[in-house]
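Using the sequences plus the hints, can you model the full thing?
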Amino acid sequence: MSTTPASQATAGAASAAPVGSSGGGSGLHLDGVYRVFPGGVVAVEDVNLHIANGEYVVFLGPSGCGKTTTLRMIGGHDEPSQGTISLDGEILNGVTPAKRPVTTVFQHFALFPHRNVLQNVAFGLKMRGIGKVEREKQARDAIDLVGLGQMANRKPRELSSGQQQRVALSRVLVTRPKAILLDEPFGDLDRLLQLRMRVELRALQRDLGITFIHVTHNQEEALSMADRIVVMDDGRLQQVGTPTDLARHPKNVFVAKFMGDNNTIRGPVVESRDGVVTVQGKLLRGAVRGDLPVGQETAMTIRASAVQVSTSPEAAAVNAGRARLNFAEYLGDSVKLHLDVQGEPFLAKVDEARYAEIRAFEGQDVTVSWNLEDGQLLEL
Amino acid sequence: MVSRRTKWLLGIFFGLFTLFLYGPMLAMAVLSLQGPFGSQTFPARGLVSGHWYSELFADSLQGVRDATGVSIRLSLIVAAITALLSMSLGMAFRRRFRGSGILFYGILLSLMTPGILISLGLSLLSYYVGLDTGIYTTALGVQVVWALPFGFLVMTAVFNRYDARAEEAARDLGASSIVTFREVTLPIVWTGVFGAGLFGFTLAWNEFERTFLVAGPTQTLPLEIFRITSASVLRPYVYSLGVLTTLFSFVLIAVFMLVSRASQRRAESAAVKADEAAALPDAAVAAAAAGD
Ligand SMILES: Nc1ncnc2c1ncn2[C@@H]1O[C@H](COP(=O)(O)OP(=O)(O)OP(=O)(O)O)[C@@H](O)[C@H]1O
Ligand SMILES: [Mg+2]
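These protein sequence lines are chains S and D, in that order. 335 is the number that the working numbering gives to position 234 of the first sequence; each next residue is one higher, with no gaps. 31 is the number that the working numbering gives to position 29 of the second sequence; each next residue is one higher, with no gaps.
Derived from the structure by calculation, the hints contain no laboratory data. Glycine is no exception: its CB is placed at the ideal position from the N, C-alpha and C atoms. Be aware that a few hints might be false.
What the hints assert, rightly or not - Taking CB as the label site, the calculated pair distances span:
| # | chain 1 | residue 1 | chain 2 | residue 2 | range |
| --- | --- | --- | --- | --- | --- |
| 1 | S | 446 | D | 4 | 47 to 57 Å |
| 2 | D | 105 | S | 345 | 29 to 39 Å |
| 3 | S | 135 | D | 253 | 55 to 65 Å |
| 4 | S | 138 | D | 165 | 17 to 27 Å |
| 5 | D | 104 | S | 242 | 52 to 62 Å |
What follows is the structure in structure tokens.
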């Protein structure tokens, strides 16, 4: 997949290269999907996406960007105003949630409060007309799978949120759907438990080989779990790519900012020569590979971890500058430096070993710089 | 801090409230315990005796017993209809629909119309169209209309707190609309439905004004009590009857409180903060620890 930003600046409609697709109808397809709510709110706009079977895809975006709406349309709880959704060549538009081979783990789990764990998990099988003995056996297996064997007779209110989460998961798994949709599955869990569940969920998905579509607004969660991340903003797809793609090569200003730990320089091109353009930001001047006419408004980004920090008082005119160190944040394996260039925030990450040395400069100016190869152009 | 004077004022206010609430019942209870020569007013004579309670089973009071039977049957029917309609209305009002606002206030309107006028109006109307008034027609009708707003408000409150995601989950797992209603919606809201029904029962049980002119030849208990109290000489069995019906209402309230307490406990009891690690497969914990 090409990661160099295309020169025409259309941010949305990023159609992904199918991963391991057989080219035919296999996997989940969203084609030109829109969702316009009565009153004119465009929650989802022109979404084109292919998700291969067995893929772990994470939808990532700020609150209100249309993640839940997209998921609900896939699950059949909402219908597209326009466009088609299909799974393995079968159009899903108009098919009721009950008839779709996808199931949802809802935000806040939505367990049946009046039923115990076993009954909750067996519900989907009961709806498929499977006899009591058989469905309870399968439900028990599913409960064991998530490690809740001893709690089969508890009501949801008697479980911690982490346990409820696992019940919700096994309730869905037991029906053997082709795809599982998870809306903010970790939203109700404390941080430590979130970290554990990431590992558990990912391991489970790998074992089962089922497609997982997971919605979150947490970048770290998306990066750690996804085969592919779909970044959304304002109802549109902003970028679709592997975690490495998104971390290393954000496509546009929104993605660079949203993924965090990136520095953006925005302004006109002041020089363009030999495949290198120089962008004049408010205070910093950056040179980056690319081909743009002088005078064009553009933006470039540098990852915080690519920034070098030195205490020498001299800074070069390009790809460097003097910055005040406000705070050196110790993260255990690295140190995140919160700098500002005459009021403009700037981030750098340096090795943990330099903590003592760097910290002595808190409140003083240091020199930041980066290599030509570490900068890249962004779409606006 | 509440000042001394405020405390006194509140105390007096509370005393008056209690007096007006329980005073009449207390007076009635005392007078009902008089001996055979007891009269309709104080001072009470021949305390304490169960005479006027056994008097209720005398042949001459067959009318009272019949009226009680009628009232119980009628109240049960009103309860059932109120529960059913309140539930349906509550479901309907979960979504906005054309005219839902007007309908909402339309249903509540019967709370504000004077009951005796409804009774008069309906009796005039049925006379005009040539239909007889009767217990299970006109009286039933006015009582349902009277009880419905209460039941409706109960169900509106229930559905306001109701989390519809459980229904979505059921549908997602393959349940049809009817099955979702039966397996998920109803079990979650049934205490509300029960409450609406109980409202119907108590309101019908006590209803007088609306039923007064439209009950036809049969008497309900409140109508029968009114008939007796309008007679020239009151005998103390009226008081024992009053005490018994009041106690019956208390029992109903107690039942309702028990049921709603039970359902509240179900809803509120805090999640057991069981040790997460105990439930986790060890391998996953180890992996999580290593991965961080
Ligand atoms: N039923 C609805 N009617 C009208 N507008 C709606 C409806 N549901 C969602 N919206 C609007 O659509 C947009 C997208 O909502 P959506 O729930 O998909 O966001 P989200 O990305 O899931 O956000 P969050 O992270 O807060 O859950 C929002 O602007 C929201 O207000
Ligand atoms: Mg959402």
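Hints, verified against the model:
1. S:446 with D:4: 47 to 57 Å: holds, 53 Å
2. D:105 with S:345: 29 to 39 Å: Because 58 Å falls outside the window, the suggested range is violated.
3. S:135 with D:253: 55 to 65 Å: holds, 59 Å
4. S:138 with D:165: 17 to 27 Å: holds, 21 Å
5. D:104 with S:242: 52 to 62 Å: Hint holds: Cβ distance 54 Å, inside 52 to 62 Å.
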